[in-house]
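Just so you know, the sequences run in chain order A and B. Residue numbers for the first sequence, in numbering that gives the first Met the number 0: 0 to 558. Residue numbers for the second sequence, in numbering that gives the first Met the number 0: 0 to 178.
It should be emphasised that the hints constitute simulated quantities derived from the structure, not laboratory data. Only a predicted model underlies this, so the values are computations on that prediction, with no experimental measurement involved. We put the beta carbon where it would ideally sit given N, CA and C, even for glycine. Be aware that a few hints might be false.
[Unchecked claim] Which residues of chain B face chain A? A few of them, derived with a C-beta cut under 10 Å, are:
hint : residue
1    : Leu49
2    : Gly50
3    : Ala51
4    : Tyr94
5    : Arg103
6    : Glu115
7    : Arg126
8    : Cys127
9    : Leu168
10   : Phe169
[Said to hold, decoys possible] Each computed DSSO-like pair below joins lysine-lysine, with the alpha-carbon atoms no more than 27 Å apart:
hint : chain 1 : residue 1 : chain 2 : residue 2
11   : B       : Lys175    : A       : Lys195
12   : A       : Lys247    : B       : Lys87
13   : A       : Lys543    : A       : Lys554
14   : A       : Lys173    : A       : Lys189
15   : A       : Lys329    : A       : Lys189
16   : A       : Lys315    : A       : Lys329
17   : A       : Lys96     : A       : Lys164
18   : A       : Lys164    : B       : Lys87
19   : A       : Lys329    : A       : Lys195
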Amino acid sequence: MYQYDEYDQRIVDERVAQFRDQTQRYLAGELGEDEYRPLRLQNGLYIQRYAPMLRIAVPYGNLRAEQVRMLGHIARTYDRGYGHFTTRQNMQFNWPKLEDVPEILAQLATVQMHAIQTSGNCIRNVTSDPFAGVAADEEIDPRPWCEIVRQWSTFHPEFAFLPRKFKIAVNGAKEDRAVIQVHDIGLDLKRNAEGKIGFRVLVGGGLGRTPIIGEEISSFVPWQDILSYCEAILRVYNLNGRRDNAYKARIKILVKALGIDAFRSQVEAEFAHLKDGPATLTAEEVHRVADHFVDPSYETLPASDAGYTAQLAANKAFAAWARRNVRAHKQPGYASVVLSLKKPGIAPGDITADQLDSVAALADAFSFGEVRVTHEQNLVLADVRQSDLFAAWEGARKAGLATPNIGLLTDIIACPGGDFCALANAKSIPIANAIQARFDDLDYLHDIGEIEINISGCMNACGHHHVGHIGVLGVDKNGQEWYQVSIGGDQGNDTSLGKVIGPSFAADEMPDVVSSLVQTYTTNRHDDERFIDTVRRVGAEPFKTQVYADREERKQAHV
Amino acid sequence: MSEIIKNGVIHEDDWTVVRLADGEDAATAELPAGRVIVPLAVWLARREALGAQAEAGVLGVWLAGTEDPAALADDLLRLQLIAVDFPKFADGRGYSIATLLRARHGYGGELRAVGEVLRDQFFFLTRCGFDALQPAAGRYTPEQLKIALESFRDFAEPYQGAVDRAEPLFRRLARKVAA
Numbered sequence: 000m001y002q003y004d005e006y007d008q009r010i011v012d013e014r015v016a017q018f019r020d021q022t023q024r025y026l027a028g029e030l031g032e033d034e035y036r037p038l039r040l041q042n043g044l045y046i047q048r049y050a051p052m053l054r055i056a057v058p059y060g061n062l063r064a065e066q067v068r069m070l071g072h073i074a075r076t077y078d079r080g081y082g083h084f085t086t087r088q089n090m091q092f093n094w095p096k097l098e099d100v101p102e103i104l105a106q107l108a109t110v111q112m113h114a115i116q117t118s119g120n121c122i123r124n125v126t127s128d129p130f131a132g133v134a135a136d137e138e139i140d141p142r143p144w145c146e147i148v149r150q151w152s153t154f155h156p157e158f159a160f161l162p163r164k165f166k167i168a169v170n171g172a173k174e175d176r177a178v179i180q181v182h183d184i185g186l187d188l189k190r191n192a193e194g195k196i197g198f199r200v201l202v203g204g205g206l207g208r209t210p211i212i213g214e215e216i217s218s219f220v221p222w223q224d225i226l227s228y229c230e231a232i233l234r235v236y237n238l239n240g241r242r243d244n245a246y247k248a249r250i251k252i253l254v255k256a257l258g259i260d261a262f263r264s265q266v267e268a269e270f271a272h273l274k275d276g277p278a279t280l281t282a283e284e285v286h287r288v289a290d291h292f293v294d295p296s297y298e299t300l301p302a303s304d305a306g307y308t309a310q311l312a313a314n315k316a317f318a319a320w321a322r323r324n325v326r327a328h329k330q331p332g333y334a335s336v337v338l339s340l341k342k343p344g345i346a347p348g349d350i351t352a353d354q355l356d357s358v359a360a361l362a363d364a365f366s367f368g369e370v371r372v373t374h375e376q377n378l379v380l381a382d383v384r385q386s387d388l389f390a391a392w393e394g395a396r397k398a399g400l401a402t403p404n405i406g407l408l409t410d411i412i413a414c415p416g417g418d419f420c421a422l423a424n425a426k427s428i429p430i431a432n433a434i435q436a437r438f439d440d441l442d443y444l445h446d447i448g449e450i451e452i453n454i455s456g457c458m459n460a461c462g463h464h465h466v467g468h469i470g471v472l473g474v475d476k477n478g479q480e481w482y483q484v485s486i487g488g489d490q491g492n493d494t495s496l497g498k499v500i501g502p503s504f505a506a507d508e509m510p511d512v513v514s515s516l517v518q519t520y521t522t523n524r525h526d527d528e529r530f531i532d533t534v535r536r537v538g539a540e541p542f543k544t545q546v547y548a549d550r551e552e553r554k555q556a557h558v
Numbered sequence: 000m001s002e003i004i005k006n007g008v009i010h011e012d013d014w015t016v017v018r019l020a021d022g023e024d025a026a027t028a029e030l031p032a033g034r035v036i037v038p039l040a041v042w043l044a045r046r047e048a049l050g051a052q053a054e055a056g057v058l059g060v061w062l063a064g065t066e067d068p069a070a071l072a073d074d075l076l077r078l079q080l081i082a083v084d085f086p087k088f089a090d091g092r093g094y095s096i097a098t099l100l101r102a103r104h105g106y107g108g109e110l111r112a113v114g115e116v117l118r119d120q121f122f123f124l125t126r127c128g129f130d131a132l133q134p135a136a137g138r139y140t141p142e143q144l145k146i147a148l149e150s151f152r153d154f155a156e157p158y159q160g161a162v163d164r165a166e167p168l169f170r171r172l173a174r175k176v177a178a
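With the sequences and hints as input, model every part of the structure.
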């Protein structure tokens, strides 16, 4: 994992001093509310429904055990004993005191952490594949490139006040696990016909009010040019993006208004000036950064561990967990473990200080002291020996992190919603919990198979509802909370946007609605067909019909 | 007279930024006496008439965020002062405009940020090529402005290249390869 050198550390320390001063000036009245706002946002500090919310950067989802412990310490000392992992792989604290934030940042800086650019109209914290470096389908490790983009974008002076937020994601595997098609810039690492490394570049994707799938702006940008190419995109956007209406200010609106070809011409014209300039990456720099991401010292092990196989046969609960929460690894004898933050009844992505300590201990004991955050709001121990899986499971179980539901219906993505977020129109967490409670039978859950439910409390779409197989969007109707349901969304290589099935539902109807959708699926599915594939094959109509017929029947029953 | 910061030092300044009132015609608008920074529209409409004043260093031109600095490409040697307006400090177009003026068009005269210019932007503004920073009149007391000079030193070694230091950190310094 990337370790700071003196330059990285200094920038983070200087940021702490800068923000401490800005906050003091704000509290002293020298810096106005409107002036302080963009400054604190660029440091992840929101003023939320009940208290400030602090969003801490977890660059491309990578954490070391000491950093996880620090998050636990902060949760315990400055918050209410828990934190929340987000769909952008970051951690949020919902109850810090504004006055404490400079000190929190100072403590984070001691373990090479910060809150830089986790919010605000700037280039946001870069995201990536949580299985980077260990996935069997990986072609090129995205982590060094993420780190290079992180450094380039950190306090970029030209792009600190963009029309709107700007998100970059990098993927390097056959399967896209970074959802690059719905980012402002999606970078897909690849080799060209000559075997040279570069990027297929997508631009103008995004969710929110106007969900759009990104379009290809270049099929191959050589790695040396990638920062210059991004600079060209950002400059065209900065100068031409709309600033009159925040809802139309994202790059996707500009790309759509111009058309991808006209947008590309502008970017290429800009890039022609920048190509071969000082931002051109050098092999030395790429090697320097890549050297932080070499494989840990794996042992030479048999492909399959006999003890593990025996435990699977002997223990049904362990086998159920292994089936859902353990992933194949590129290294023989190893596996990746997903720690579920989706225990029914808990807010998706929430984790207590004690659990954070447990995760750090598990990482130290079983996974070279490293942890990953997924955009599905779970955690990953990437490098666990198969022979340690049983012990890791026992440890995870003790900590309440071994719910065997990864990829299943109760592994719900949800934003914090109206319980916390000032933007939300409706609550998300109680909806997630109610659905989880309905589907509490593990055997049934496993029988339903892979299905993704994504819930957002408003159209800003932090819960990525558009790309959920079942998407739930909280809407406000005359001061009441309602939920609009879409189906057919998907993330990954076949990213698609879900379609709304019809009129919205009251909160207490949601478990029934999901039941109807699942029932329609199980009635129509072919063998081994996932929910999304059935939706794609038979279309939305049977689902719509069933959901609203069931709803009518329930109404009649109450009369 | 107001105080501005030029090359990191506080100066008394007597330039007036001329802003056209609604409906006022760039070709005919009356310009105040003394040193003036006129809107691009005024300059383009009256280039011939104002050229001598520009060359004498008593007239500069300011660009709005919507204006393309290429419009001044032929005048850069005549103009001793170009300003870029920040209608809101969070409107970041001026950073790209400054970068283009310096790095693309090779402008070497005074480049001044005017409008809503806050000390919290000083570091970024300087990096993008502004050598003169003019906060709105009355925004800072002389004492506050003096303290604000510390903002220039917010970050000692930024990662990426910009106008002030074109080379990114990885070209400026030999960063060690991890052990």
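We went through each hint and held it up to the structure:
A least Cβ separation of about 26 Å between B:Leu49 and chain A goes past the 10 Å threshold, and the interface hint is therefore violated. Evaluation of the B:Gly50 hint against chain A yields a violated restraint, the C-beta minimum of about 28 Å exceeding 10 Å. With a least beta-carbon distance of about 32 Å to chain A, the hint placing B:Ala51 at the interface is violated under the 10 Å criterion. Restraint check, B:Tyr94 versus chain A: the minimum CB separation of about 5 Å is within 10 Å; hint holds.
Interface hint status for B:Arg103: upheld, as the beta-carbon distance to the closest one in chain A is roughly 6 Å, under 10 Å. A hinted interface residue such as B:Glu115 counts as satisfied when its beta carbon comes closer than 10 Å to some beta carbon of chain A; here the least separation is about 9 Å, so the hint holds. With a least beta-carbon distance of about 4 Å to chain A, the hint placing B:Arg126 at the interface is held under the 10 Å criterion. Taken as an interface hint, B:Cys127 checks out: its beta carbon lies about 5 Å from the nearest beta carbon of chain A, inside 10 Å.
Taking 10 Å as the C-beta cut-off, the interface hint given for B:Leu168 holds, the closest approach to chain A being about 6 Å. The interface hint given for B:Phe169 is met, as the beta carbon of that residue sits about 4 Å from the closest beta carbon of chain A, less than 10 Å. A C-alpha spacing of about 25 Å is found between B:Lys175 and A:Lys195, which places the hinted pair at or below 27 Å, so the restraint holds. Our distance criterion of 27 Å between C-alpha atoms is met by A:Lys247 and B:Lys87, whose separation comes to about 18 Å.
Among the hinted pairs, A:Lys543 with A:Lys554 is consistent with the structure: their alpha-carbon atoms are about 17 Å apart, no more than 27 Å. Between A:Lys173 and A:Lys189 the CA atoms are separated by roughly 9 Å; this keeps the pair inside 27 Å, and the hint holds. For the given pair, A:Lys329 sits about 19 Å from A:Lys189 by alpha-carbon distance, which is consistent with the 27 Å threshold. A threshold of 27 Å between alpha carbons decides the hint, and for A:Lys315 with A:Lys329 the separation of about 26 Å falls inside it, so the pair holds.
Between A:Lys96 and A:Lys164 the alpha-carbon distance is near 25 Å, which keeps this suggested pair within the 27 Å criterion. Distance hint between A:Lys164 and B:Lys87 is fulfilled; the C-alpha atoms sit about 17 Å from each other, no more than 27 Å. A hinted pair counts as satisfied when its Cα atoms are at most 27 Å apart, and A:Lys329 with A:Lys195 qualifies at roughly 23 Å.
Hints 1, 2, 3 from the list above are not met by this structure, while the remaining hints are.
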